[in-house]
Amino acid sequence: MSVGATKIPVVVTEVVEVNSLIKRFRFVREDGGEMPGFSGGAHTVVEMDDGGTRRLNAYSLMSDPAERSGYEISVRRDDTGRGGSLFMHRHVKPGMRMLISPPVNLFGLDLRAKKHLLIAGGIGITPFIAQMAQLNALGARFELHYAARDRELGAYMTELSARYGDRVHRYYDVEGQAIDLPALLRGQPLGTHLYVCGPKGMIAWVLGTAGGMGWPKGALHSEEFLAPPVGQPFTAELAVSGITISVGAAQSLLEAIEAAGVEAPYLCRGGACGQCETRVLAAEGELLHHDHWLTDEQKAACGHIMPCVSRFKGARLVIER
Amino acid sequence: MQTQFDTTMRSRPRYGVLEPRPGLAHLIVADGEGGEAVLALFAQAPELLETARVIYMPGANGTDMTAELEAVKPAQFSRVPSYAAGRQRIVKVLGDAHMGLQVYVTGTEGLMGQVQRDAMEAGLPHDAVQTEHRGSLVRRVQCVHCKGITEHVRTDPFQCGHCGLNLFVRDHYSRRLAAFQGVCVDAEDPGEVPPAVERFK
Ligand code: FES
Numbered sequence: 001m002s003v004g005a006t007k008i009p010v011v012v013t014e015v016v017e018v019n020s021l022i023k024r025f026r027f028v029r030e031d032g033g034e035m036p037g038f039s040g041g042a043h044t045v046v047e048m049d050d051g052g053t054r055r056l057n058a059y060s061l062m063s064d065p066a067e068r069s070g071y072e073i074s075v076r077r078d079d080t081g082r083g084g085s086l087f088m089h090r091h092v093k094p095g096m097r098m099l100i101s102p103p104v105n106l107f108g109l110d111l112r113a114k115k116h117l118l119i120a121g122g123i124g125i126t127p128f129i130a131q132m133a134q135l136n137a138l139g140a141r142f143e144l145h146y147a148a149r150d151r152e153l154g155a156y157m158t159e160l161s162a163r164y165g166d167r168v169h170r171y172y173d174v175e176g177q178a179i180d181l182p183a184l185l186r187g188q189p190l191g192t193h194l195y196v197c198g199p200k201g202m203i204a205w206v207l208g209t210a211g212g213m214g215w216p217k218g219a220l221h222s223e224e225f226l227a228p229p230v231g232q233p234f235t236a237e238l239a240v241s242g243i244t245i246s247v248g249a250a251q252s253l254l255e256a257i258e259a260a261g262v263e264a265p266y267l268c269r270g271g272a273c274g275q276c277e278t279r280v281l282a283a284e285g286e287l288l289h290h291d292h293w294l295t296d297e298q299k300a301a302c303g304h305i306m307p308c309v310s311r312f313k314g315a316r317l318v319i320e321r
Numbered sequence: 001m002q003t004q005f006d007t008t009m010r011s012r013p014r015y016g017v018l019e020p021r022p023g024l025a026h027l028i029v030a031d032g033e034g035g036e037a038v039l040a041l042f043a044q045a046p047e048l049l050e051t052a053r054v055i056y057m058p059g060a061n062g063t064d065m066t067a068e069l070e071a072v073k074p075a076q077f078s079r080v081p082s083y084a085a086g087r088q089r090i091v092k093v094l095g096d097a098h099m100g101l102q103v104y105v106t107g108t109e110g111l112m113g114q115v116q117r118d119a120m121e122a123g124l125p126h127d128a129v130q131t132e133h134r135g136s137l138v139r140r141v142q143c144v145h146c147k148g149i150t151e152h153v154r155t156d157p158f159q160c161g162h163c164g165l166n167l168f169v170r171d172h173y174s175r176r177l178a179a180f181q182g183v184c185v186d187a188e189d190p191g192e193v194p195p196a197v198e199r200f201k
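So the sequences go chain by chain: A and B.
If you're matching positions, the first sequence starts at 1 in the numbering used here and goes up one per residue.
If you're matching positions, the second sequence starts at 1 in the numbering used here and goes up one per residue.
Source of the hints: derived by calculation from the structure; they are not laboratory data.
Wrong hints could be hidden among the right ones.
Claimed, not checked - Straight-line distance between alpha carbons at most 25 Å, and here's what the computed SDA-like set of lysine to any residue pairs gives: (1) A:K115 / B:V185; (2) A:K114 / B:P22; (3) A:K114 / B:S174; (4) A:K114 / B:R87; (5) A:K115 / B:K92; (6) A:K217 / B:S78; (7) A:K115 / B:E121; (8) A:K115 / B:Q88; (9) A:K217 / B:P81; (10) A:K217 / B:H126; (11) A:K114 / B:Q44; (12) B:K92 / A:Y172; (13) A:K115 / B:C163; (14) A:K114 / B:A187.
Chain A extracted, bound-state conformation (with noise of 0.2 Å):
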């Protein structure tokens, strides 16, 4: 969250395997009340604790958004990432006390569309699972495209279907089959609006393909969420708050600036949001950026950074925090 925000206290009640590399948690409020309301497509952020360094990871929501009682998510193990996941598939037991974000959302439904286009790839069906639910409540009209690498790994289509019947296709891509993208978007009714969310390369595809037919901007909606990536060490000049830090290998700039006790606004922490925008007052070396957020020429021009993802290589940085 943003600075100033109260964090929500939970206990995790449930730890599900879904698959060998999926678990599911559920947290409840731990003064046992209820769960602030969100809209399907909506994220928190958990804070971990792990082995003393404070990690803050956003995943989506994936539970129905009428049911207050207690959030879902599910996290995908990455063992060549951060530790993030790792954390949360090692350590993270039912009983154990966490802290959570209040729900953002940053990828909602838009509801004056005629009929909402889903396209999910892998892990990325969880914003999907949430926003379903909501869209089945309202009787609003929707389809799901949804393609995972084999049948273990595609977490939740056999109860999705099963939910949801022939509004729910599957896709595995081991047995060779794909979306067939530029008919499937052919055939959509005026006031479609199209949702994807997964890996990079499919956004990048979905999106280049629907806006070469023609689809206007305004109907195409994605979230990719990066996780900041591993680098090399270096320091970092917070002008404002007159303190230098220095920024491990495993740890993004955001990171070490909230371990400085320094607060700083973010919202996403997966260089979509814009939230973490920091001006660069000084830099002697390389910016670099990992974000999706500033354009090639704001990235060119060296004038800001997206802490939560991007990095630094050189000599001196200098920024405006």
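Given the coordinates of chain A, work out where chain B with the ligand should sit on it, guided by the hints.
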């Protein structure tokens, strides 16, 4: 020529210049001098002609470019006497269309506002309709008293075509109605009506 606007009014929608965009089909609606913008669009991208459906109505001032438009042979061409007369057809085209349809509207403000409204009702986002203002600046005005809409208003004040009140044309545009607002000028002193000035040519 594109129309020049004074830029002081904030609720007035902004219009652009029609540009060809990729699409599976192209719906083009124009009135009066808007016909010129349609010809300019086809000159730029003749391939649009193959899938273009043009719906054209002559202008309030009598400008009728039907012959010129028919001569370039769009896939489908229809001439309708007014938007009211053509609306059902346009709504049907939108209702039957698929995503990938491009919508272009050019001509008077009243026409553009009404097509935009109908396209949004059909579910298209606001950014999906391209507009280009051509020709007359006559306004479509709704009387705030009787709710009647008077088309092609040239002067300010003017007399409401429905209830007959003398209305002052406010620079307030409603997207939902695709109309400006008209408010009675002589409510306090009936009969005290300033002389009408031709403000919208
Ligand atoms: S927090 Fe969203 S872009 Fe950095």
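Q. Can you give the numbers of the hints that this structure goes against, from lowest to highest?
A. Failing hints, ascending: 1, 6, 9, 11, 12, 13 and 14.
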